[in-house]
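J.: Sequence:
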Amino acid sequence: MFRDILLVTGFLRESTPSAQLFLCRGFAARMARVPRSSLHFSVDVSAARPWEHVFVTGSTPSLGLWDPSKAVQLSPDPQNKGRWSGAVDVGTEPVQFRYFIGYYLESGKEGAGKELIVSKWESFLHPRSILPAIESASGVCHAHVTDTFGHNAAKEHVSEGWLIGENQNEILLRLHGAPFKFYKNRHASRSYKVKVTPFDLRVKETGSADDDDVDDGQEGFLPTSLPSFSDAYLAILSSEDPRYHSQLETGEHFRIDRDYFVFRTRSVAVEFIGFRIELFVHSEDGEDPNSSERFAISYALPSTMPGTFGIASLPLLAKSNRPVGQIMVDYLFIRSLQQPHPPQTMKVSYGRHWKKRQTLEVGHRGMGNSYTKMAAGRENTIHSLNSAAKNGADYVEFDVQLTKDKVAVIFHDFHVLVSVAKRSSSNLAALNNDHNSDYHELAVKELKLKQLQLLHLDHYKAIDGVKKEGIIKVTGGADEGAERMPFPTLVDALKQVDPSVGFNVEVKYPMMQKNGMHECENYFEHNTYIDVILSDVLTYAGDRRIVFSSFDPDVCAIIAAKQHLYPVLFLCVGMTTRYEPFVDMRASTSNAAVNFAASINILGVNFHSEDLLRDPSPVQRANKFGLVSFVWGDDLDNKENINYFKKELLVDGIIYDRIGEVEARRNVFMVEREAKTALFRRAVSPGASRTVSLSLEECPGSPTASDSLSISSSSTISPVHTPPPQPRHSPARMSCPRVL
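Numbers in this note's numbering are just positions in the sequence shown, counted from 1, shifted up by 896.
Everything labelled a hint here was simulated from the structure, so no lab data went into it.
Hints are supplied without guarantee of correctness; some may be wrong.
Stated by the list, open to error - What follows is a set of in silico ranges between Cβ atoms, one per label pair, in the way DEER data are often shown: (1) LEU1575 to THR1435: 27 to 37 Å; (2) LEU1575 to LYS1357: 47 to 57 Å; (3) HIS1311 to HIS1141: 39 to 49 Å; (4) GLU1421 to GLN1516: 36 to 46 Å; (5) LYS1215 to ARG1139: 28 to 38 Å; (6) ILE1152 to GLY1373: 54 to 64 Å; (7) ALA1560 to ALA1033: 50 to 60 Å; (8) MET1471 to ARG1139: 21 to 31 Å.
To be verified - When the alpha-carbon atoms are kept at most 30 Å apart in a straight line, the in silico DSSO-like pairs for lysine-lysine are as follows: (9) LYS1251 to LYS1051; (10) LYS1391 to LYS1252; (11) LYS1016 to LYS1051; (12) LYS1300 to LYS1357.
Remember, predicted model here, so these are calculated numbers, not experimental data.
The beta-carbon is built from N, C-alpha and C at its ideal position, and this holds for glycine as well.
Given these sequences and hints, build the entire structure.
T.: This is the structure:
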């Protein structure tokens, strides 16, 4: 076939137009008769559980075009335990593919079929690749090759699945602090093991001590061979290994005021899901010192968990059904992304990828805090973000929240002071204009976008009558341009800020503080709130690099469960004397933040400089789990501290005010791009790899020179990257990824 291409190309140069037409038609006919190949897949999978299946998806229609719901399900090999295989017909074009593990759930509702749940999937930045035109022999390709799930080119990269279906939900139940309240002191002094088991209210339970009731059936329920929920897995965030694992038969010991247990399951019928919570104690009658018996049981039902977030107080019943106490359970229901957005596929993911390089420098709120510190311009505006980009920032950090009409805007504080004119009177008329109005504190969520743009606003900490030199007011002057005005929308920033600079999007969400004050009560429902922000980013990010972050650990978990394209950092205050700490144990210390980030498999932690200057060991713990470390805080106003974090702790990113003002710098991505272009202008030679040439010419936003050179011209094209993982960011169209 390749000989034919060369012959046709040569003849066309010398032939008449009629001869060219004849040759082209002949060549097209010849190509139409090219036989298709049978592409074989074989993969060893040690992580699959008995109810799970192995799938392959890829770049051709026969592999579903990266859509996991259209993937090819492989068959278990009866001769080799843990090996799965299958085959599809393909043409001569190159084929890229990934393996993933999944299972099916069924809601039991009329007209609803089974739904695929993705458990784990290969999230290499570059997929596996095959060239059938070269490798095919007698119409068979890749027949004698067995892959290993999650391993490619001596590297391992597996990510957890996201919520891919409209009806899919992830449910989290949490126990922490002192969740038990017993009516008798002798019960309160005992040590208990805890186990949580989900069940469908329409189906008779199995494997329970109460499995002795007559099942009288459920009206409107269509019996299925598949469950509507998955097993519940446990993460103990207070342990050395905080990652999710299967529960023990009689649960695991819960230590009062020390442990933080998170039970996680998925369901496609949340209106019918319940949870059996069992407490076990040491069995005094058994000979085995490790034997346990059930002491009490409780049930968490839909009626006891109103809404998608809250705390349920549930009765504990002894084996005699006599109440012996209560148990307090936190719950969170995470829905799949409901707002319009580009389809999420398995073509590319940057959620757990990070290219190791020099420390990235991030402009805090653009060019810095302007409402409580001196700054050259107003914070969190298009002008401030573009100024930071012009000054060489690699990323800019800014805060996002919703207005009353659910528009994502960029603003740091949950409250503003609104100027309200006083009633006119003869006495007031003689007074200064500043005394003719009062300021009232309102939450940003109580004002629509137009109101925020039209009203005269000030910072909620502003002192009436006191003029602070260098401190900029929230509302701009009449002579200021639109790019300097507060409350730009997230979409405006994505469209108007220099695309070479990355975005660190901090998703604001109010939390309870230890002083008993809530940052902003009666806030938006978690899922609705985050869906708006994710929809904007997934739709308008384009080629821009994106990293999400939040101080609220639940927000981090929700973002990671709803999408896989962009990474997430957990923002941590840690131990501090400067800020009021949060009640949430997951945010109480830097080590607790590391454990939480590791448990939900996000990119890393954004540490507070104050805490790391006191004790830098959390960075080493983060490295142990392969997490990325960023640092934020007022201490980074000091150049010596910046150098300490960059050169001694070797953190991956620092966030500070007034970037590029004291010391000139250039955006590292632009520097790398220029170096790559210069390198390959000199690298054109007859012996150059054709694969490398194509990757550079066809994908100018692709990896750095060293990354591209590591890609061989063999059929199994795979990346060489150094752990920890290296994310890259791309737009909704993901043809040419860009390095983070």
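J.: Hints numbered earlier in the text: which of these fail when held up against the supplied structure?
T.: none
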